[in-house]
Amino acid sequence: MKTYTKYLWFNTPTRRAVVHITEQVREAVRESGVKEGLCLVSAMHLTASVLIQDNESGLHEDMWQWLERLAPYRPDYKHHRTGEDNADAHLKNLLTHLQVVLPITNGDLDLGPWQEIFYFEYDGQRPKRVVVKIIGE
Amino acid sequence: MKTYTKYLWFNTPTRRAVVHITEQVREAVRESGVKEGLCLVSAMHLTASVLIQDNESGLHEDMWQWLERLAPYRPDYKHHRTGEDNADAHLKNLLTHLQVVLPITNGDLDLGPWQEIFYFEYDGQRPKRVVVKIIGE
Amino acid sequence: MKTYTKYLWFNTPTRRAVVHITEQVREAVRESGVKEGLCLVSAMHLTASVLIQDNESGLHEDMWQWLERLAPYRPDYKHHRTGEDNADAHLKNLLTHLQVVLPITNGDLDLGPWQEIFYFEYDGQRPKRVVVKIIGE
Numbered sequence: 073m074k075t076y077t078k079y080l081w082f083n084t085p086t087r088r089a090v091v092h093i094t095e096q097v098r099e100a101v102r103e104s105g106v107k108e109g110l111c112l113v114s115a116m117h118l119t120a121s122v123l124i125q126d127n128e129s130g131l132h133e134d135m136w137q138w139l140e141r142l143a144p145y146r147p148d149y150k151h152h153r154t155g156e157d158n159a160d161a162h163l164k165n166l167l168t169h170l171q172v173v174l175p176i177t178n179g180d181l182d183l184g185p186w187q188e189i190f191y192f193e194y195d196g197q198r199p200k201r202v203v204v205k206i207i208g209e
Numbered sequence: 073m074k075t076y077t078k079y080l081w082f083n084t085p086t087r088r089a090v091v092h093i094t095e096q097v098r099e100a101v102r103e104s105g106v107k108e109g110l111c112l113v114s115a116m117h118l119t120a121s122v123l124i125q126d127n128e129s130g131l132h133e134d135m136w137q138w139l140e141r142l143a144p145y146r147p148d149y150k151h152h153r154t155g156e157d158n159a160d161a162h163l164k165n166l167l168t169h170l171q172v173v174l175p176i177t178n179g180d181l182d183l184g185p186w187q188e189i190f191y192f193e194y195d196g197q198r199p200k201r202v203v204v205k206i207i208g209e
Numbered sequence: 073m074k075t076y077t078k079y080l081w082f083n084t085p086t087r088r089a090v091v092h093i094t095e096q097v098r099e100a101v102r103e104s105g106v107k108e109g110l111c112l113v114s115a116m117h118l119t120a121s122v123l124i125q126d127n128e129s130g131l132h133e134d135m136w137q138w139l140e141r142l143a144p145y146r147p148d149y150k151h152h153r154t155g156e157d158n159a160d161a162h163l164k165n166l167l168t169h170l171q172v173v174l175p176i177t178n179g180d181l182d183l184g185p186w187q188e189i190f191y192f193e194y195d196g197q198r199p200k201r202v203v204v205k206i207i208g209e
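From first to last, the protein sequence lines stand for chains A, B and C.
Here this note's numbering = 1-based position in the first sequence + 72.
Here this note's numbering = 1-based position in the second sequence + 72.
Here this note's numbering = 1-based position in the third sequence + 72.
Read the hints as simulated data drawn from the structure, not as lab findings.
Be a bit skeptical, because a hint or two may be false.
Because identical chains share one entry, a pair is satisfied inside a single copy or across any pair of copies.
Keeping only pairs whose Cα atoms sit at most 27 Å apart, straight-line, the calculated BS3-like set for lysine-lysine is [claimed, not checked]:
#1 150 / 107
#2 78 / 200
#3 74 / 150
#4 78 / 107
#5 200 / 150
#6 107 / 74
#7 78 / 150
Hey, can you work out the whole structure from these sequences and the hints?
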């Protein structure tokens, strides 16, 4: 049995951003030497998500509008009494979940035809991490 | 250590559909020979979800109304500029997540008393896949 | 390869409740003896969630208001024809997902700086379980 851990760092120039990370995760799988197993990709912060979607810019625009409709930025969240102003980013993280678990088959990510891995940043402009944890043989 | 991979195919006669798949997943666990481990069940498309809920038809009606309220079908999504008309299905997938990870204990799925596994199809009428990846001993 | 299974029981005095469970999960990791691996923490009911968030009471108030806005309590859900009155709890579970998978690195949970594990109860006042399943070496 093998395990492998890798941390991906992101520091996006804008507060909200999308980073396409399929290749970085695929590279971690190659580095691990695991041929059959599972690959967890999980945000280590509470204001960003790792998710699987289509790499289509129109859809990404729809997703941002939808996120803002369901988990809007507002000044008056109670979390902001701590001095923060990112409660909406926490709610957006809850809505889109923080992580995905991917199968590894024949030494590669076993993704569907249009499945790509994205890091959705809801409160960036500072260094943040994603953990990739691989387990298998 | 053992690993096992199985693909389940679905081609639902209606665009939106619910398929109860607990038995198919349970069968994959038996085929794997794994007695203790983890079982990932994950949609390989971006417009369907694998989720755990109660097998109660009234609740399923509530779920569909809720999905339509939070991620409604509309003609004017930006994704539709590509010729697609299924942006709502992508948002419904985001809302209900694409996958679940289940414990395997004593050679069987370790589910709670009312937990059943469902494939929720948001854009069917074509062949689509779910991957079952099992890892354990 | 090692596996370890533990069930955590909760019987909250109020219908809705938050229980901070990071230490209980960490204890299970220690008991397992696993140094590198994965730890699934998953609700075994359909009306509660295990999630990762900040341990900040204002944020938790924001989360409850948000949950009630997106998945409100209402008397007229179709699920209630069965005699139940908890359809909103099922929808809240769908919204916040039932589970998380956590990396284990160097014998401990590999969490980000503010990540804490919570059990969100949407329909309590009765005994309910969470399964912790650990796999690794």
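Going through the hints against the structure:
For a Cα distance limit of 27 Å, the shortest separation of residue 150 from residue 107 qualifies neither inside one copy, at 47 Å, nor across copies, at 39 Å. Taking the shortest alpha-carbon separations for residue 78 and residue 200, only the intra-copy value of 14 Å comes in at or below 27 Å, while the best inter-copy value is 32 Å. Proximity of residue 74 and residue 150 under a CA criterion of 27 Å is satisfied in neither setting, with 44 Å inside one chain copy and 43 Å between copies. Both within a single protomer and between protomers do residue 78 and residue 107 lie at most 27 Å apart by alpha-carbon distance, with minima of 17 Å and 16 Å respectively.
Proximity of residue 200 and residue 150 under a CA criterion of 27 Å is satisfied intra-copy only: 24 Å inside one chain copy versus 30 Å between copies. Proximity of residue 107 to residue 74 under the C-alpha cut-off of 27 Å is found in both arrangements, the shortest distances being 10 Å within a copy and 12 Å between copies. For the homomeric pair residue 78 and residue 150, neither the shortest alpha-carbon distance inside one copy (35 Å) nor that between copies (35 Å) is at most 27 Å.
In summary, the numbered hints that this structure violates are 1, 3, 7.
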